[in-house]
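In the order they appear, the protein sequences are chains R and P. The first sequence: position 233 = 233 (the numbering used here), numbered continuously. The second sequence: position 54 = 1054 (the numbering used here), numbered continuously.
Where hints are given, some of them may not hold.
Label pairs and their calculated CB-CB ranges [unchecked claim]:
no., chain 1, residue 1, chain 2, residue 2, range
1, R, G408, P, S1008, 58 to 66 Å
2, R, A439, P, G1007, 38 to 46 Å
3, R, A396, P, A1058, 42 to 50 Å
4, R, G408, P, G1007, 48 to 56 Å
5, R, V473, P, A1058, 49 to 57 Å
6, P, T1077, R, R4, 37 to 45 Å
7, R, A62, P, E1084, 38 to 46 Å
Listed next, the in silico SDA-like pairs over lysine to any residue satisfying Cα-Cα at most 20 Å (straight line) [claimed, not checked]:
no., chain 1, residue 1, chain 2, residue 2
8, P, K1065, R, R6
9, P, K1044, P, W1055
10, P, K1065, R, L15
11, P, K1065, R, R81
12, P, K1044, R, S82
13, P, K1044, R, E604
14, P, K1065, R, R14
15, P, K1044, R, W73
16, P, K1044, R, L26
17, P, K1044, R, D31
18, P, K1065, R, L49
19, P, K1065, R, R11
20, P, K1044, R, D33
21, P, K1065, R, G54
22, P, K1044, R, S80
23, P, K1065, R, M5
24, P, K1065, R, P7
25, P, K1044, R, R81
26, P, K1065, R, G37
27, P, K1065, R, D34
Note that these hints are calculated values from the structure, not bench results. Ideal Cβ positions, reconstructed from N, Cα and C, are used throughout, including at glycine.
Given next are the chains, with one letter for each unit.
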Amino acid sequence: MSDRMRPGARRVLRLCLLTVQGASHLVPSGDRDDWRGTWEAELWHRVLLLDRHGRLTLGAGAALLHRCLGAYWHAAWVLSRSLAPRALLAGTVLAARELGAAPAATGAAVLSLGLALGLGGTVLGVTRAAWNGVAATGQERVVRIWNRAPAARIGRTGLSSLELRTFRAGTPSIEALAAQRPSVVMLGPGADASPVDAGLVSPEFFETLGITAELGRTLSVADAGGQGPDAAPVVLDAELWRERFGGDPRIVGRTVTLDGAPHRVIGVVSPKLRLPRPGTRLWLPLGPLPESPGSHAAGAVARLRPGATLESAERELNRLSHRLQAEFPGGYLGQSGVAWSVSVEPLASRGPRVSRLLALLAAGATLTVVAGVAATSSVSAARLRARRLHVVATVAAGTAIGAALAAGTLGALGPWVDGWLPGARMAGAGGEAFAFIGAGGGVALLAHLIGLRGPARPASDGGRSGASLALLVCAAMLALGAGLCAQGYRGIRGDGSGFRAEGLLAVALGPGAQGPAGGGWPSAVARLAGVETVSRTLAPPLVGSLSGVTFVTDGSSKVGDRTPMTADVQMADPNYFAVLGQPITAGRTFRSPTAGRPTEAPGEVVVDASLAARFWPGTSPVGHRLRVVLDVGRVTDWLTVVGVAGDLHGTAPGETQAPLLYLPLAFDTTAATTLLVRTRLTPAELGAAIGRIGAGSVEPVDVGAVVAARAAPHLAATLILLALAGIVALMAVALRLVRPPQPLTTSA
Amino acid sequence: MTRRGLGSSTILVLQALARGFRYGFDVMDATELPSGTVYPILSKLEATGLARSSWEDARIARREKRPPRRYYEITATGAVELREAMQRLGVLAPRRRPGPAGRPSPARG
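Isolated chain P (complex conformation) (with noise of 0.2 Å):
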């Protein structure tokens, strides 16, 4: 993936997890993407250096009694990209308020 000409979903994405959205689902909720096509952009921006993943604290998991969750953080490059891609765009999307991590909002399925 370049680093110019990010398409609309890849932004929507971005916006995501620079508001706070970290795991996939999560992601999926804010954005309204399909989760065909959520978790391949996640992939290409970490591929490409504008999003970075890991896995969560295992204690987390553990008391929850889950397998931990993997979690994706923009980066510096990625926030610096997004900038860029909404001036291209000047459009604003929709804000959305991120709930406690974990807790989506709205609740979806």
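Looking at chain R on its own, in the form it has when it is part of the complex (with noise of 0.2 Å):
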């Protein structure tokens, strides 16, 4: 500032030129110096005219700031102008014409930014998807209960019955309360027979759920008790309504087979709803429970009181269940000191691996935007000075790609998503990602603008190569979701599942199925030809079992003395697991039964490597002892361990199969049959030739093509995510290799 200035006149001036530096954002860059030029000259010259002849007063300066205000009105007059047709239509062309001169730089700026903004969207409609819980009214009252022995290293198991119909009855903080059991059933008749995941639920499932039926009715108390008007009802999710039955109008009515029995389906609920678990696609009655105080038959789901807390409730379920274990000491099982406490959680909330892989997705959204916005704005604000049209155009045509990129593999995912994340519904989730993607765009135009300010200079390096190196994480993270994939993948077909699949058919022969005199069905069947070995079974591996038995141990386990504890419980022959290819990793299966007494269970057991780890780490459980709790009344002799068998291996990513007892098939009482056959022929070629000795009309299931069914997804996540990555990788050595040329200094 000048010498000759005095001190006051220096602020006066000072803080007018700020005043007209703040307008000077709103004017056009082309423009711009011009522009602040004339202000600042004419403000300069008032001031020291003011003050040479001694007339900047207090007011003068005060009427002169006054008077800059005005050049915000002046700035937003000239912004105006240039957004005015003409100047709009000379843009266009001047911004064609850029485009022919520059097409690779262009190119890479619209496409990288179209792929960020894609994938962000993606991701983000994914993690949506993976929040949306089930649709139920007062949805924010609705808990889980469960059982824990915190003591005992027992996580969460199921009430019984005597516990459902007491906590029911006796806790004012519960409005309802309902029973539900996970269980798998066979949909379709015979060989096209498809294990569906089914819920076994009480009457006051639905209610206590606040869901009502899209189509019919949901189930009632009357159904429970088989006099409803409805036979044997079934629920239909309203997914697999319109998947396996092309959303017939006329469903409800509708007999169809599970497990080769007719059902008849009575209403049609909401896609959103996954209880007992995720993925169930249809609700059948539960029926009685087992009485035992100790059997933990079925999970509950409650309706809280309106004003009641968690806390209350989980106080007062706690006070109820101590009373019944001070009444029933017998039927806990000689807990010894380790008490059972209750727990009370809210339906929405999830387990701490689920929250961490979503707040990964999110941030991995976050980023991959990021990067796509440092990507374009390296390439396009360096080169494209003086544009603004252009970066309009540029931002405008990425994000377009990034919608069109989002809706595709939205689109395509949608029917993956529930076999990926638990609780999974997509239906919903792309609004919110083209939300995302659109304030994505927002963001790009507005680091674009603001790129676009300052004298023109030539393309940084470093901010290409920052930005390459953006990209090149994004693609890295790409890779690493196609590994975890490729790894579920590879879990679930051939031996990752812990049996061969292929070549295995399931035979499901229905109740008091003796088969033929000289061995029955297994010996039967074995003797046909193509057949290699044959076992018999309760319910083919990863399909059925019994599920939250009672066992305790004769003290040899690690957790405790007399302890009760939780397994699934599968039944079957000796051969199983020869016929499975599941490996005996210790001791060996157990013995056939004594000639001539078959139904005599010889008093031996399996256990899978998963529940040996967890009672008896880092030792053998072999030669040691168990008690089992089939039912009310049915609990075995002491069993000792004979083997220890490999893990089988669930079906969707972190999914793990329960820790497995396998008991002599002399225990089932079901009176069901299922023949595991090893064998080259095709299910029909099977069926047939069961058929001709004598059992009917069979359909064996292949067991193998279910197994690959459900790798399926897992398969096609890896090679999306694998291609994207590629893509992005491309993109980012595209980023460095592409060299802008200078930027124009002529202004529009």
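Reconstruct the complex from the two isolated chains, following the hints.
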């Protein structure tokens, strides 16, 4: 500032110049220098003049500052003029010329932004879908109730029927309570049957969750007692109704085949219902539960009364639970000072594993978009100075590409998301993904416009390197995701499931099927041409077993002396492990029943590796003993552990099979027979062969095909993520290789 | 901006230019119009050929140790338009005697 200026004048001038400088940001960069020069020159002259004549009073300074505020109006007017149709047309022509002059740079900017927004929107859409929980009215008051024994390291387990009745009647904080148990049923007739996750629920289930049927009705009390208008009712999930029944508007009243028996469809409910477990597609009446207080028969969901809290409900439930435990000490199998406690959790809560995964996905979406914005800013802003319209067109094109990419990817991923994330539901997630993309485009536009400020300068190598590195990080994250999905795929296919699924057929023979003389069905089927080996079992692997069965050890378990424990139970003949190809890692399989006494079960049991590691860590369980509570009044004698079998693996990411006990088939009182047949024959050929030896019409199920179908989503996800990783990596390389030309020096 | 139907503010600005007020702040003083009105009008006049702008001699600015100012002059076309507009209005704006270049009258902030 001028040396002749007094301090007060300098302050006034500085303040006025600052005011005008703020307004200059509104002026298009091409006009900005002239505009500022005009205003600043006038301010300089006026302040010098007033100061020279001693007339720069406070009032004069205020008036001058007031005049400077008009600069904002002037700047806005200049900006509006630049957006006039003629100016826009001229800008468009200029932008088109620049596009032709630098197609690689502009293309890289558009594609990288589009890819970043598309990926970010897709990831956000999937993340949001995972948070779509049960669509229940008043969902915030719906809770799950579990039994735990933390001192015995027993986590969530179900409730007994006695507890369910007692809690339902005696908890003031609870408005309604329902029982639920997961199951699997074969839906469809014969060879077309496929396993479907099902829920066995008490009649209050849907009312407790506040769910009404979209078509027909849900289960009622009459259905549980078998007195209802529909024998064997079933409620379908809306997506299952659309996928398997073509959205037939006449589905209510239609008969469907479940486990070979006819069931009548009474209603269709929202596809967002994911209880008793994610992936449940239909619901059946639960039926009577075992009365043993120690049998953790079913899980429970409840609705809290308005005003009740989780803490009050938990307090009341534990008071009742402790009273029951005191009344029935034997029923809780000698807990010896280890008390069961009841925990209440909000329905919408998710385990820490899923929460971490979702947080990682959300962070990945944000990082992807930031990388894309950085990439395009680096390429286009440095090159496209003073071309605001071109920047707008670039960002608009990139945003459109991103929206199209997200739409296509979410649409393709929709059917597979259920298999990836528990409780995920794609419906409704797309809108938020597109909003995210729109916001990302806005951020990109703002970044570009800010980048247009200031004098033109050559493209920054440092900026391009940074953006390229950010894109490589995104590519690495995508590749990591592909690796996780590939791991899930390998874990399901082939021996990764824990057994050899290919060439294994399952045949359900129905109750009381003893078979021909001379060894029964297993022997008869084993003699058929093309059949290698046969085993008889309760249910095929990964499809069915007795769940949540309590057992107690002889004190050798590390978790405590005579502490009750739970596991799933599979019953099979001694051939089971050999037919499945499931390894026995220690000891042996159990003996065959004594000749002449086929129903007398040998006092032996096989445990799986997970159960052995949990209850006998670091030692072998072979030779130790345990007792199993199969049902009311059915407690086995002490059984000797004779072998350890390899674990079976789940079919969804992170899902694990519960610890398994394998009991001799003589303990099976369900009177149903399932044969597992290792054969080269197709299901149709085997069915015909078995039919010819007197079994009637049977329809074997290809276990290998079932496992393959469950693995397919993982393969699709792996390929998609790998492709996206490759594209992003190519963009990163292109960003480094493509050198944008020097910026123009003339203004628009 | 069309050649016909000049607004009253535009007429005032043209009058100020015609009477020798050349610089933006001086025109504001003469017309008593706000700064956010005067400069857009000056730009419109320049765009339609009724006025033209230039930067003052850099030597003058250097001598006074300030940036060169932008000054406006009415063109012949602008003078004709002003005359016609005044005839249509039939109103004579109050005359203000222009002071020496750069010296406003009356003094304003």
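Each hint tested on the structure:
1. With their beta carbons about 59 Å apart, G408 (chain R) and S1008 (chain P) fall inside the hinted range of 58 to 66 Å.
2. With their beta carbons about 42 Å apart, A439 (chain R) and G1007 (chain P) fall inside the hinted range of 38 to 46 Å.
3. Separated by about 44 Å at the C-beta atoms, A396 (chain R) and A1058 (chain P) satisfy the suggested range of 42 to 50 Å.
4. Checked against the hint of 48 to 56 Å, the pair G408 (chain R) and G1007 (chain P) passes, with Cβ atoms roughly 55 Å apart.
5. Distance hint check for V473 (chain R) and A1058 (chain P): the Cβ-Cβ separation is about 53 Å, which falls inside the suggested range of 49 to 57 Å.
6. Taking 37 to 45 Å as the suggested C-beta distance range, the pair T1077 (chain P) and R4 (chain R) conforms, at roughly 42 Å.
7. Hint check: A62 (chain R) to E1084 (chain P), Cβ distance near 40 Å, so the stated range 38 to 46 Å holds.
8. Of the supplied pair hints, the one linking K1065 (chain P) and R6 (chain R) holds, its CA atoms being roughly 14 Å apart against a limit of 20 Å.
9. Note on K1044 (chain P) and W1055 (chain P): the hinted pairing holds, with a Cα-Cα distance of about 18 Å set against a maximum of 20 Å.
10. Simply put, K1065 (chain P) and L15 (chain R) have alpha-carbon atoms about 19 Å apart, close enough for the 20 Å limit, and the pair holds.
11. Annotation: proposed proximity of K1065 (chain P) to R81 (chain R) is violated, straight-line Cα distance about 33 Å (limit 20 Å).
12. For the suggested pair K1044 (chain P) and S82 (chain R), the alpha carbons sit about 13 Å apart, so the restraint of at most 20 Å is met.
13. Under the criterion of a C-alpha separation no larger than 20 Å, the hint pairing K1044 (chain P) with E604 (chain R) is inconsistent with the structure, at around 101 Å.
14. Using a Cα cut-off of 20 Å, the hinted pair K1065 (chain P) and R14 (chain R) holds, with the two alpha carbons roughly 16 Å apart.
15. Annotation: proposed proximity of K1044 (chain P) to W73 (chain R) holds, straight-line Cα distance about 15 Å (limit 20 Å).
16. For the hint pairing K1044 (chain P) with L26 (chain R), the CA-to-CA distance comes to about 19 Å; that is within 20 Å, so the pair holds.
17. Our distance criterion of 20 Å between C-alpha atoms is met by K1044 (chain P) and D31 (chain R), whose separation comes to about 15 Å.
18. With a C-alpha separation of about 12 Å, the suggested pair K1065 (chain P) and L49 (chain R) falls inside the 20 Å cut-off, and the hint holds.
19. Distance hint between K1065 (chain P) and R11 (chain R) is fulfilled; the C-alpha atoms sit about 17 Å from each other, no more than 20 Å.
20. Taken as a hint, the K1044 (chain P) and D33 (chain R) pair is honoured in the structure, with Cα atoms around 18 Å apart against an allowance of 20 Å.
21. As the CA atoms of K1065 (chain P) and G54 (chain R) are separated by approximately 18 Å, the hinted pair is consistent with the 20 Å bound.
22. A hinted pair counts as satisfied when its Cα atoms are at most 20 Å apart, and K1044 (chain P) with S80 (chain R) qualifies at roughly 13 Å.
23. The straight-line distance between the Cα atoms of K1065 (chain P) and M5 (chain R) is roughly 11 Å, inside the 20 Å bound, and the hint therefore holds.
24. The suggested pairing of K1065 (chain P) with P7 (chain R) holds, with an alpha-carbon distance near 16 Å, which does not exceed 20 Å.
25. Note on K1044 (chain P) and R81 (chain R): the hinted pairing holds, with a Cα-Cα distance of about 10 Å set against a maximum of 20 Å.
26. A threshold of 20 Å between alpha carbons decides the hint, and for K1065 (chain P) with G37 (chain R) the separation of about 15 Å falls inside it, so the pair holds.
27. Between K1065 (chain P) and D34 (chain R) the CA atoms are separated by roughly 19 Å; this keeps the pair inside 20 Å, and the hint holds.
Violated hints, listed in ascending order, are 11 and 13; each of the other numbered hints is respected by the structure.
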